[in-house]
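> Be aware that the sequence shown starts at 1, since it is given in the working numbering, and climbs by one per residue.
Quick caveat, the hints were computed from the structure, so don't treat them as lab data.
Cβ-Cβ distance ranges computed for the label pairs, FRET-style:
id: 1; residue 1: 94; residue 2: 25; range: 20 to 26 angstroms
id: 2; residue 1: 13; residue 2: 110; range: 31 to 37 angstroms
id: 3; residue 1: 4; residue 2: 112; range: 34 to 40 angstroms
id: 4; residue 1: 109; residue 2: 55; range: 34 to 40 angstroms
id: 5; residue 1: 114; residue 2: 66; range: 14 to 20 angstroms
id: 6; residue 1: 66; residue 2: 35; range: 17 to 23 angstroms
id: 7; residue 1: 113; residue 2: 3; range: 36 to 42 angstroms
Here are the simulated DSS-like pairs of lysine-lysine, each with C-alpha atoms no more than 30 angstroms apart in a straight line:
id: 8; residue 1: 45; residue 2: 9
id: 9; residue 1: 46; residue 2: 71
id: 10; residue 1: 71; residue 2: 45
id: 11; residue 1: 9; residue 2: 71
id: 12; residue 1: 46; residue 2: 9
Glycine included, every Cβ here is placed at the ideal spot set by N, Cα and C.
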Amino acid sequence: MVSDCLFCKIIAGEIPATIRYEDSQLVVFEDIDPQAPEHLLIVPKKHIMTTLDLTSADNELVGHIYQIAGKMARDFGFAEDGFRVVNNCNDAGGQMVWHLHFHLLGGRDMTWPPG
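Taking the hints into account, I'd like the entire structure generated from these sequences.
This is the structure:
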């Protein structure tokens, strides 16, 4: 855990969040500023700052993240209509919390290009 990391504090239970799923590798919780009717954050328990900090040792974790994204979309009923999984990296990419995370967005039509 990184002591000043918002997501590490949520994972540790120090900051409340609406947890929708948790296992030994990650936690899924509701975004506090949703950009879609369904907006969940998929966050590894391992503190990794950005996508650029992933290594080959994290390959299984990244695959697991995408499997859980599909599970959550199915469980919450928006998989068949479609959804988006987004990872922002660094300032210009829109990253605001320096702990790797993925946004799962569903429940509305997504536009292109995003942002």
